[in-house]
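**Student:** In order, the protein sequences belong to chains A and B.
Here the first sequence is numbered in the numbering used here, starting from 38 and rising by one per residue.
Here the second sequence is numbered in the numbering used here, starting from 16 and rising by one per residue.
Calculated from the structure, these hints are not laboratory results.
Cβ coordinates follow ideal geometry from the N, Cα and C atoms, glycine included.
Mixed in with the good hints there might be a few duds.
[Stated by the list, open to error] Reference listing, derived: stretches of chain B covered by chain A, where coverage requires no fewer than 3 residues with Cβ under 8 angstroms from a Cβ of chain A:
| # | stretch |
| --- | --- |
| 1 | 41–50 |
| 2 | 141–153 |
| 3 | 170–179 |
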Amino acid sequence: MASYTYTPVPDTGAKAGVLAYLVVSAVVLLLMMVFGLLMRLEQAQITSIGGLWFYKIMTLHGAGMVGIVALAGAAIMWHFLRLYVDLSNGIFMANLALFLIGVVMILASVLLGDFHAAWTFLFPLPGNSMGLWSTGAAALFMGGLLVIGVGFVLLHLDIARAIIVRYGGLGRGLGWPQLFGHDDGNAPPPTVVASTMVTIVNLVGLVVGASILVMMLVNLYVPSFEIDPLLAKGMIYFFGHVFINAVIYMAVIAVYEILPRYTQRPWKSNKVFLASWTASTIMVMFIFPHHLLMDYAYPKWFLIVGHIIGYLNTFPILIVTGYGAMMIVYRSGIRWDMCSRLLFVSLFGWAVGAMPAFIDGTITVNYVMHNTLWVPGHFHTYLLLGMVAMVFGFMYYLGKPNENAKDSPIDVAAFWAFVIGTMGFTMSFLYSGKISVPRRYAEHLPEWVPYDRLASYFVMLLLAAVLVFIFRFFSRLGFAGRDYQRASQARSLAAT
Amino acid sequence: MQETAWQVSLVLMSLIAFGVVYVAINSGKREEDYGPLVKSAYGFRTKLFWAVALLFFPAMIYNLVGLPLPYSESRADSKLGPAQVINVIGHMWYWEMDRDQVEVGQPVEIRITSADVNHGFGIYDTDLRLVAQAQAMPHYTNVIYHTFKKEGIYKVLCMEYCGVAHHNMMTEIKVGKS
Numbered sequence: 038m039a040s041y042t043y044t045p046v047p048d049t050g051a052k053a054g055v056l057a058y059l060v061v062s063a064v065v066l067l068l069m070m071v072f073g074l075l076m077r078l079e080q081a082q083i084t085s086i087g088g089l090w091f092y093k094i095m096t097l098h099g100a101g102m103v104g105i106v107a108l109a110g111a112a113i114m115w116h117f118l119r120l121y122v123d124l125s126n127g128i129f130m131a132n133l134a135l136f137l138i139g140v141v142m143i144l145a146s147v148l149l150g151d152f153h154a155a156w157t158f159l160f161p162l163p164g165n166s167m168g169l170w171s172t173g174a175a176a177l178f179m180g181g182l183l184v185i186g187v188g189f190v191l192l193h194l195d196i197a198r199a200i201i202v203r204y205g206g207l208g209r210g211l212g213w214p215q216l217f218g219h220d221d222g223n224a225p226p227p228t229v230v231a232s233t234m235v236t237i238v239n240l241v242g243l244v245v246g247a248s249i250l251v252m253m254l255v256n257l258y259v260p261s262f263e264i265d266p267l268l269a270k271g272m273i274y275f276f277g278h279v280f281i282n283a284v285i286y287m288a289v290i291a292v293y294e295i296l297p298r299y300t301q302r303p304w305k306s307n308k309v310f311l312a313s314w315t316a317s318t319i320m321v322m323f324i325f326p327h328h329l330l331m332d333y334a335y336p337k338w339f340l341i342v343g344h345i346i347g348y349l350n351t352f353p354i355l356i357v358t359g360y361g362a363m364m365i366v367y368r369s370g371i372r373w374d375m376c377s378r379l380l381f382v383s384l385f386g387w388a389v390g391a392m393p394a395f396i397d398g399t400i401t402v403n404y405v406m407h408n409t410l411w412v413p414g415h416f417h418t419y420l421l422l423g424m425v426a427m428v429f430g431f432m433y434y435l436g437k438p439n440e441n442a443k444d445s446p447i448d449v450a451a452f453w454a455f456v457i458g459t460m461g462f463t464m465s466f467l468y469s470g471k472i473s474v475p476r477r478y479a480e481h482l483p484e485w486v487p488y489d490r491l492a493s494y495f496v497m498l499l500l501a502a503v504l505v506f507i508f509r510f511f512s513r514l515g516f517a518g519r520d521y522q523r524a525s526q527a528r529s530l531a532a533t
Numbered sequence: 016m017q018e019t020a021w022q023v024s025l026v027l028m029s030l031i032a033f034g035v036v037y038v039a040i041n042s043g044k045r046e047e048d049y050g051p052l053v054k055s056a057y058g059f060r061t062k063l064f065w066a067v068a069l070l071f072f073p074a075m076i077y078n079l080v081g082l083p084l085p086y087s088e089s090r091a092d093s094k095l096g097p098a099q100v101i102n103v104i105g106h107m108w109y110w111e112m113d114r115d116q117v118e119v120g121q122p123v124e125i126r127i128t129s130a131d132v133n134h135g136f137g138i139y140d141t142d143l144r145l146v147a148q149a150q151a152m153p154h155y156t157n158v159i160y161h162t163f164k165k166e167g168i169y170k171v172l173c174m175e176y177c178g179v180a181h182h183n184m185m186t187e188i189k190v191g192k193s
C-alpha cells in the first residue's frame, strides 16, 4: 500500500501577471455583481430602469461573468501549473491584453451601440434588432468575444505545448499510462491532470465558438451567406457550456493545491482520480444537449445522450473531487481561516449546485422547468458559491500575511454573509423556477415579485461580503507576490 | 413535476449539506495516521458509488421509459379522437396562432415555428404553472402534443430571450367544452 506522507512545497508568491489577472477579475466581478443586483431590483419593482437598460445590463452581466470567471480561473491554473511546467509569461500577458481589448469592444457595443442580444447571441437575433442596434454594434460585440477567445486559444496552446514538452503528450498529461496500465505512482499531479483536461476541452470549445462567431459576422454583412439556426444554437451552447464548465475545472486547482498544504495530506492522482478526469474530458463535451431538449428537430438519440451524460457527469464531481476534499479535511486538525473556509465551502457550493442541474437534465423535468429561473438558480449556486468562492479563497491565500495570522471578525462575518447571501439568493431563483417564473424577463408578474424582493436583499448581503473580500485582497497585494509560508499547518503538527 | 423536482433537489442538497457539516465538525482533531483512514474512506467511497449508481441509474432509465419523448405523439391519446391542430408562428414580439380555442380533454397538436428569431412557446395553466414548452425556431417546426385537462384561459409566454419586448410577448389559449 502506498504511503500517504505529504511533502511540503514552499508557497510561491504570485507573479505580477497573476496579480494583474486577479485585480482585473476582482473589479469586473464586482461590477458584474452590481449589474446582477440591478436586474433583481428591477424585477422586484424597486427600480424602474426599463426593458432596454435591463437587457443591456443582462447582456453585459452574462458575457462579463463568463469572461471574468474564465480570467480568474486562468490565473489560478497558471499560478500553480507553472510550478510543474515551463509556461510563457508573454503569452499569459497577451491573453490579458486581448481580454481587455475584447471587454472594451463589448462595453462599447452595449453601452454606446445599445446591443442587447444576450451573451447567447442566438442566431439570427444579433442581425434582427428591429432597429434597436446597428449591424456595427452587433459586429463589435461578436468581434469582442472573438478577440477574447483568441487570447484564450493562445493561452491554451501554450499550456498544451508546455505539458507536451514536460510529460510527452496530452494523454500522458491526463495520466493515461497509469490509468490504463500499471499505476507506478508517477502520474502527473492533479494540477497537471486538470490543466490538461481544461486545455483539451477548451481548445475544442473555443474553435467551435470562434467558428460560429465568424460565420455570424460574415452573415451580418453578407446575408446571402446563410446559417442554419439550429446548427448555430448547437455550436453556441457547445462552446458556452464547455467554456463555463472548464472555468470551474481551472479554479478547482486551488483546492487541489492549497487544502493539502493546510491538512498536510496529499491529493493523489490515483486511478480513480485519473479515470474521473478522463471521463469528464469526454463528458463535458457531450453534456450541452440538455439545453436543446426542446428543439425537437434534433434527432432523439442526440437528446437522449444529453440526458444520460447529464446524469453521469455528476459522478466525477461528487465521488472524486467533493469526496476527496472531505477525506483530506476529515480529522485533519485543519486550522480554519478565510482561505481554507472558502475553499472548503466551494466544494459544497459546487456539489450542491450540481443537484438541481442534473435534475434539470432529466427530460421530463426539463420540459416544464428549462428556461425558467431554475436554470440560473443552479448555475449561480455552483459558480458563485463554488467557482467564485475558490477565487476568493485563492486571493486570501495569496494575501495571508503569515501562516499564523488571524482573520478579523469582519472577514469571518463576511464569509458567513457570503454563504447565506448566496444560498438565499440562489434558492429564491430555484423556488421561482419551481413556480415557473421564466428567465430573462425585465418585468415580472405581480405573483413573482415577492421572491425577487427577497432575492434582492440576499444579493445585497453577498455584495457586502464581496466588498470585504476584495478590499482585503487589494490591501494585501504587497504580500501576494512574495515567497513565504501561508497555509496554516494542522493543529497537532504546528504544536510539535 | 415541478413539485417533485423541487423536493428531490432539496433532499439531495440537504444530504450534501449534512455530509459537509459532518466533516467540518470532525475536522478539528487530527488523526495522525492517514493510511488506515484513507483505506476506510476509499472503502466507504466504493459503497457510496454503488449506492448512488443504484439510485441514479434506475432513475435515469425510469425517466427515459416515457420514450418516445414526453412531448411525442404517443402522449396524445389517439382514442379520444383526432388532434386539434394549432399552427403557431413567433414574431418579434407577438404570437400568431391560427386558432386560440380548443376543447378540454381532447389532444391538441401544436406546431411551432418562428418568422424571425428564436422564441420559446411556453403554455401556462390557470394557476400560472408551466405545463408544456417548445422552442420556436426559424426554418424548423417543433411539435408538441398536449391535452388540456382543465377548462380556462391558459397563458402563452415567450421562453427564449428575443429582444427588448421579450417579457411582453404573451397570448392566450381558451380551453372549453365543445
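**Student:** Do three or more residues from the stretch 170–179 of chain B put their C-beta atoms closer than 8 angstroms to C-beta atoms of chain A?
**Tutor:** holds (count 8)
**Student:** Test coverage of the stretch 41–50 of chain B by chain A using CB-CB distances below 8 angstroms; three residues minimum.
**Tutor:** With 9 residues closer than 8 angstroms to chain A, the stretch 41–50 of chain B meets the three-residue bar; holds.
**Student:** Can you confirm whether chain A covers the stretch 141–153 of chain B, using C-beta to C-beta distances below 8 angstroms and requiring at least three such residues?
**Tutor:** Coverage by chain A holds here, the residue count being 10 at a Cβ distance below 8 angstroms.
The earlier numbered hints are all upheld by this structure, with none contradicted.
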